[in-house]
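S.K.: Listed here are the chains, written in short residue letters.
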Amino acid sequence: MIRRSLWGVVAWIAGIVFVFPVIWMVLTAFKQENAAATNPPTWFFTPTLDQFALVFDRNMTPFLLNSLMASLFSTLIVVLLATPAAYALSLRPVAKWSDSLFFFISTKMMPAVAAFLPVYLLVKHLGMLDNVWTMVILYTSMNLPLAVWMMRSFLLEVPREVLEAGEVDGASLITSIRKIILPIVSPGLAATALICFIFSWNEFFLALNLTATNASTAPIFLVGFISSEGAFLARLCAAATIVSLPVLIAGWVAQNKLVRGLSMGAVK
Amino acid sequence: MGKSRIAVAAAAACALALSACSGAGTSDNASSSDGGAQEITVLMVGNPQMEDIQKLTADNFTKQTGITVKYTILPENELRDKVTQDVANQGGQYDVVTIGAYEVPIWSKNGWLHELSTQMDADTAYDKADLLKPMVTVASGEDGKMYGAPFYGESSLLMYNKEMFAAKGLTMPERPTWEQVADLAAKVDDKAGGVAGICLRGLPGWGEGVASLTTIVNTYGGTWFEKDWTPKLNAPEFKEATKFYVDLARAHGEPGVAQSGFTECLNIFSQGKSAMWYDATSAAGTVEDPNASKVAGKVGYVYAPVNKTKYSGWLWSWDWAMPKTTKKADASWKFISWATSKDYEQLVGKELGWSRVPAGKRTSTYSIPEYKDSAKAFADITLDSIANADPANPGLQPRPATGVQFVAIPEFQDLGTKVSQEIAAALTGRKTVDQALDESQKLAEAVAKNYK
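Protein sequence lines, in the order shown, are assigned to chains D and L. Heads up, the first sequence is in UniProt numbering, so the first residue is 1 and it goes up one at a time. Heads up, the second sequence is in UniProt numbering, so the first residue is 1 and it goes up one at a time.
I should point out that these hints are in silico values taken from the structure, not numbers from a laboratory. Computed from a predicted structure; not experimentally measured. A virtual CB, placed ideally from N, CA and C, is assigned to each residue, including glycine. Mixed in with the good hints there might be a few duds.
[Said to hold, decoys possible] In silico EDC-like links for lysine to aspartate or glutamate, alpha-carbon gap of 20 Å or less:
| # | chain 1 | residue 1 | chain 2 | residue 2 |
| --- | --- | --- | --- | --- |
| 1 | L | K294 | D | D50 |
| 2 | L | K239 | L | E115 |
| 3 | L | K227 | L | D81 |
| 4 | L | K327 | L | E174 |
| 5 | L | K133 | L | E439 |
| 6 | L | K232 | L | D384 |
| 7 | L | K55 | D | D50 |
| 8 | L | K334 | L | E39 |
| 9 | L | K55 | D | D57 |
| 10 | L | K63 | D | D57 |
| 11 | L | K308 | L | D414 |
| 12 | L | K308 | L | D384 |
| 13 | L | K376 | L | E174 |
| 14 | L | K342 | L | E370 |
| 15 | D | K124 | L | D81 |
[Unchecked claim] Quick look at which bits of chain D chain L covers, simulated, 3 or more residues with Cβ under 8 Å:
| # | stretch |
| --- | --- |
| 16 | 103 to 110 |
| 17 | 198 to 207 |
| 18 | 222 to 235 |
| 19 | 239 to 245 |
Could you put the whole structure together from the sequences, leaning on the hints where they help?
M.R.: Written out as structure tokens, the structure reads:
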């Protein structure tokens, strides 16, 4: 009993340590600039919404819409492509499936910046610079390998016996996908989708270099608050708080499935 | 469960439809405006003066001209990369960009920028003769034509906390020497009370620690390069200045001086944790803002400290420039001339407050009574420091390239940053000043080879 509560304390401490920067960001967002970077830190202050007003002054809606569009569409495409691919690499393995699995992951081995110049030139020649659809395509390809691997490990959790039993009862492929596989892997699907959404939402490097005025995403809006002249910490925290809200909401909506999904591969 | 799933799906579908419209809408705008030149795109840094213009554009500039302005804000380094990339690849994504005094000579030489002299001269209402001469010099290319239109300018000055000085019975001369400043720093230093004698920039970076140090080097008679590109980083004058700066910072500077740049110093000084601060004149605006500073109204301003020269303030300006790749030169010039006009200064003063006027570029600004009143503590010193900064010879010898606190060559970003890392090693005591400067000299010699 004592041992369990001890572990509980450790878990709580670890949790708070990880969440602390986020809490501090939210707290700072409600400060005036002169209380944002004091030494020692200011814990008690009169909260103000001034910084949020300044952030909304800068017209952040287009940035948020661009981010939403790039993240949602790419996540949707990734899930639609990754699930059948993972199926063909796990439950009904194609010939040389392990090779193609490694081909997928090998695209993640090179840092994005190393492949960036050809990507930039290609995008430029296609006249697709500063276009949200470019970001949709790039985020799809960026997340696809990861999603294939994740979905594969979830599909492997589907017991063979259940599938075979379905087949014996005369279930077609469509039926066994709908009635057997999907219900079992839906937590995994949610976890995969959320991770893809978060990665696309937070992506900075490609967005910085490939968008200009029409297709810029939320992270680009954020760095605009970093100024070489003047105080900006409280405002930056306010903007960062707003930008992290959608991800927080998405995570909260999928919370139940996520806990199951993320621990799915772990319980073996 | 079934219902909530449908609700989530419906919400997602709505969001998709909404964002699809907006995405399509924005790209339509961009293509339809090509012919009419009714929309221009502006890339700028997020300094307070740029935030102000963003607020004022729609109700004033767009109303008068019918030209909409789309702003993108990026930090300095990202902006530099972005413009370089766009111009070098003929991307043409931006019609107007903000550039600093450092970029003007380099980018104009590369043929990346439109010259602006022709339009400025043709427009009598613009009153080009009103622009401060050093501002014109730093916004001009090698051919003498202007490639940037100054938006606001700055020099450097010494700020001090009047309360702390009064408490110790000290007085600050209007034109201090660095020796006097070091004496005062020793007297006012209160380590036990958590107050540093003086705040100095020490953060590595060509635009950070190097800026402060180079003005000290200038006034001690040193230079980075002689006229024939001979590097002088371990010459006696450069060494004397660097030793003075390192000793002062180590003895009476703020804690963690090697990690302190403009932003950190601003925080330290405006929290009342330092008695003096040597930095940009543009800092005064934030220091005097009660929402951002606890020392507003308690600060005195004097000239940048000197040793062998009469003045030693630096010179910087943020300019509006037009990349060669723009297809909307006329509309862009309309914007630039509006943003840098006398009328715009009046507009800012009346709408947002006189302390926020983008000053330091026009002589006439300093005869606006309301501005003089709001900035009386530092306006005259700023004007005089800018007017007396000589970017061609900021110290005791002529220079091969322009720049007071920098050398306007492409290699300087890298060289300046590396040298400042050496100096930071001296500030933290990992190296002696002699070692740091001998290393720096080698780096400078490698750069000088490209020019000899």
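S.K.: Decide, hint by hint, whether the structure agrees.
M.R.: Consistency of the hints with the structure:
Between L:K294 and D:D50 the alpha-carbon distance is near 17 Å, which keeps this suggested pair within the 20 Å criterion. With a C-alpha separation of about 40 Å, the suggested pairing of L:K239 with L:E115 is violated against the 20 Å cut-off. Distance restraint check for L:K227 and L:D81: the Cα-Cα separation of roughly 30 Å exceeds the 20 Å cut-off, and the hinted pair is therefore not satisfied. A distance of roughly 50 Å separates the Cα atoms of L:K327 and L:E174; the hinted pair therefore is violated under the 20 Å criterion.
Annotation: proposed proximity of L:K133 to L:E439 is violated, straight-line Cα distance about 37 Å (limit 20 Å). For the proposed pair L:K232 and L:D384, the alpha carbon gap of about 29 Å is over 20 Å, so the pair is violated. As the CA atoms of L:K55 and D:D50 are separated by approximately 16 Å, the hinted pair is consistent with the 20 Å bound. Restraint check: the Cα-Cα separation between L:K334 and L:E39 comes to about 12 Å, which is no more than 20 Å; the hinted pair holds.
Our distance criterion of 20 Å between C-alpha atoms is met by L:K55 and D:D57, whose separation comes to about 8 Å. Of the pairs offered as hints, the one joining L:K63 and D:D57 holds, with about 19 Å between alpha carbons and a cut-off of 20 Å not exceeded. Taking the CA atoms of L:K308 and L:D414, the gap is near 29 Å; set against the 20 Å cutoff, the hint is violated. A distance of roughly 18 Å separates the Cα atoms of L:K308 and L:D384; the hinted pair therefore holds under the 20 Å criterion.
Proximity of L:K376 to L:E174 is assessed by CA-CA distance (about 14 Å); at most 20 Å being required, the pair is judged to hold. With a C-alpha separation of about 14 Å, the suggested pair L:K342 and L:E370 falls inside the 20 Å cut-off, and the hint holds. Annotation: proposed proximity of D:K124 to L:D81 holds, straight-line Cα distance about 17 Å (limit 20 Å). Judged by the Cβ-Cβ criterion of 8 Å, the stretch 103 to 110 of chain D is not covered by chain L as claimed, because only 0 of its residues qualify and three are needed.
Figure legend: the stretch 198 to 207 of chain D, annotated as covered by chain L; annotation inconsistent (0 residues with Cβ-Cβ distances under 8 Å, at least 3 required). Restraint check on the stretch 222 to 235 of chain D versus chain L: 10 residues with Cβ-Cβ distances below 8 Å, three needed, restraint holds. Remark: the stretch 239 to 245 of chain D is not confirmed as covered by chain L, as 0 of its residues place a Cβ nearer than 8 Å to a Cβ of that chain, below the required three.
The structure shown violates the earlier hints numbered 2, 3, 4, 5, 6, 11, 16, 17 and 19.
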